[in-house]
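Plus 7 on top of the position in the sequence shown (first one is 1) and you've got the working numbering.
Heads up, a few of these hints could be off.
As the list claims (entries may be wrong) - Derived pair list, reagent style DSBU-like, types lysine-lysine, alpha-carbon separation capped at 35 Å:
1. K145 / K189
2. K171 / K106
3. K145 / K128
4. K171 / K159
5. K128 / K106
6. K159 / K106
7. K189 / K171
8. K159 / K128
9. K128 / K59
10. K181 / K159
11. K171 / K181
12. K145 / K181
Claimed, not checked - DEER-style ranges, computed between Cβ atoms:
13. K106 / E133: 33 to 41 Å
14. S156 / E44: 44 to 52 Å
15. E182 / E162: 17 to 25 Å
Treat the hints as calculated values from the structure; they're not laboratory data. For every residue, glycine included, the Cβ atom is placed at its ideal position computed from N, Cα and C.
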Amino acid sequence: MVVAEDETLIRLDLVEMLGELGYDVVGQASNGEQAVELARDLQPDVVIMDVKMPVLDGLGAAEQIHSQDLCPVIMLTAFSQTELVERARDAGVMAYVVKPFSADDLRPAIEIARSRWQEVKALEAEIADLGERLETRKLVDRAKGVLMSQLKLSEADAFRWIQKTAMDRRLGMKEVADAVIKGFPAS
Numbered sequence: 008m009v010v011a012e013d014e015t016l017i018r019l020d021l022v023e024m025l026g027e028l029g030y031d032v033v034g035q036a037s038n039g040e041q042a043v044e045l046a047r048d049l050q051p052d053v054v055i056m057d058v059k060m061p062v063l064d065g066l067g068a069a070e071q072i073h074s075q076d077l078c079p080v081i082m083l084t085a086f087s088q089t090e091l092v093e094r095a096r097d098a099g100v101m102a103y104v105v106k107p108f109s110a111d112d113l114r115p116a117i118e119i120a121r122s123r124w125q126e127v128k129a130l131e132a133e134i135a136d137l138g139e140r141l142e143t144r145k146l147v148d149r150a151k152g153v154l155m156s157q158l159k160l161s162e163a164d165a166f167r168w169i170q171k172t173a174m175d176r177r178l179g180m181k182e183v184a185d186a187v188i189k190g191f192p193a194s
C-alpha cells in the first residue's frame with residue numbers, strides 16, 4: 008500500500024492505523040507526483056491519498072494512476088462536495104473516505120476498492136478474450152468463403168478443412184484462416 012498525504016502528522020497516523028489493521032505500507036509520498044512514481048515503481052495493491060496536495064493534487068495523481076492501469080486509488084478528503092466526488096469518480100477513484108476517519112472507515116473502503124479493481128481487471132480480460140474470439144470467427148468465416156469459392160467446398164467442408172489444417176500444422180484456426188485469406192485472391 009502507498010500512502011500520499013502532504014501533512015506529515017496525518018500521513019504518519021494513517022500509516023500507523025493501516026499497520027494496526029494488518030496492511031503493509033510500502034511507500035509514502037508528500038505530493039501527487041511522488042504518489043504516481045511510487046505506484047509505478049512499487050506496484051502496490053492500493054494507493055490511499057489526499058485530494059489537496061502540492062505539485063500534483065490527488066485527483067490529477069489518481070487520473071495518472073488510473074490511466075496507467077497501476078492499482079486502485081482511495082481518496083481521502085475533508086471535502087465532500089458533489090463536484091469533488093464527481094471529479095474523483097471520473098478520475099477512476101475506487102473509494103472515497105471523508106476526514107476525520109477511523110480504522111472502521113478505512114477497512115471497508117480498502118476491501119471494496121481492491122474487490123472492485125479485481126472485478127474490473129477480470130472484465131477487461133474477458134472483453135479482450137471475446138474480442139479475440141470475435142476476430143478469429145470473422146477471419147474463419149472469410150476464409151470459409153474463400154475456400155467455398157475457390158475449391159467449390161460446402162461451408163461445413165470448408166470449416167473442417169480449416170480445422171484439420173490447423174491441427175495438422177499445429178497452428179490456431181486464426182492463423183490458418185489468415186493464411187487462406189492472404190493466399191487466395193479475393194473473388
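Verification of the hints:
For the suggested pair K145 and K189, the alpha carbons sit about 14 Å apart, so the restraint of at most 35 Å is met. Between the alpha carbons of K171 and K106 the distance comes to roughly 64 Å, so the proposed pair goes past 35 Å and is violated. A C-alpha spacing of about 26 Å is found between K145 and K128, which places the hinted pair at or below 35 Å, so the restraint holds. Between K171 and K159, the direct Cα distance comes to roughly 17 Å. Compliance with the 35 Å bound is thereby established for this hinted pair.
Of the supplied pair hints, the one linking K128 and K106 holds, its CA atoms being roughly 29 Å apart against a limit of 35 Å. Pair hint K159 plus K106 does not hold up; C-alpha atoms about 73 Å apart against a cutoff of 35 Å. About 18 Å separates the Cα atoms of K189 and K171, which keeps this hinted pair within 35 Å; it holds. Of the pairs offered as hints, the one joining K159 and K128 is violated, with about 45 Å between alpha carbons and a cut-off of 35 Å exceeded.
As the CA atoms of K128 and K59 are separated by approximately 28 Å, the hinted pair is consistent with the 35 Å bound. With a C-alpha separation of about 21 Å, the suggested pairing of K181 with K159 holds against the 35 Å cut-off. Between K171 and K181, the direct Cα distance comes to roughly 13 Å. Compliance with the 35 Å bound is thereby established for this hinted pair. Between K145 and K181 the CA atoms are separated by roughly 9 Å; this keeps the pair inside 35 Å, and the hint holds.
Range check, K106 to E133: about 37 Å between beta-carbon atoms, so the 33 to 41 Å window is met. Checked against the given bound of 44 to 52 Å, the beta carbons of S156 and E44, roughly 57 Å apart, lie outside it. Checked against the hint of 17 to 25 Å, the pair E182 and E162 passes, with Cβ atoms roughly 20 Å apart.
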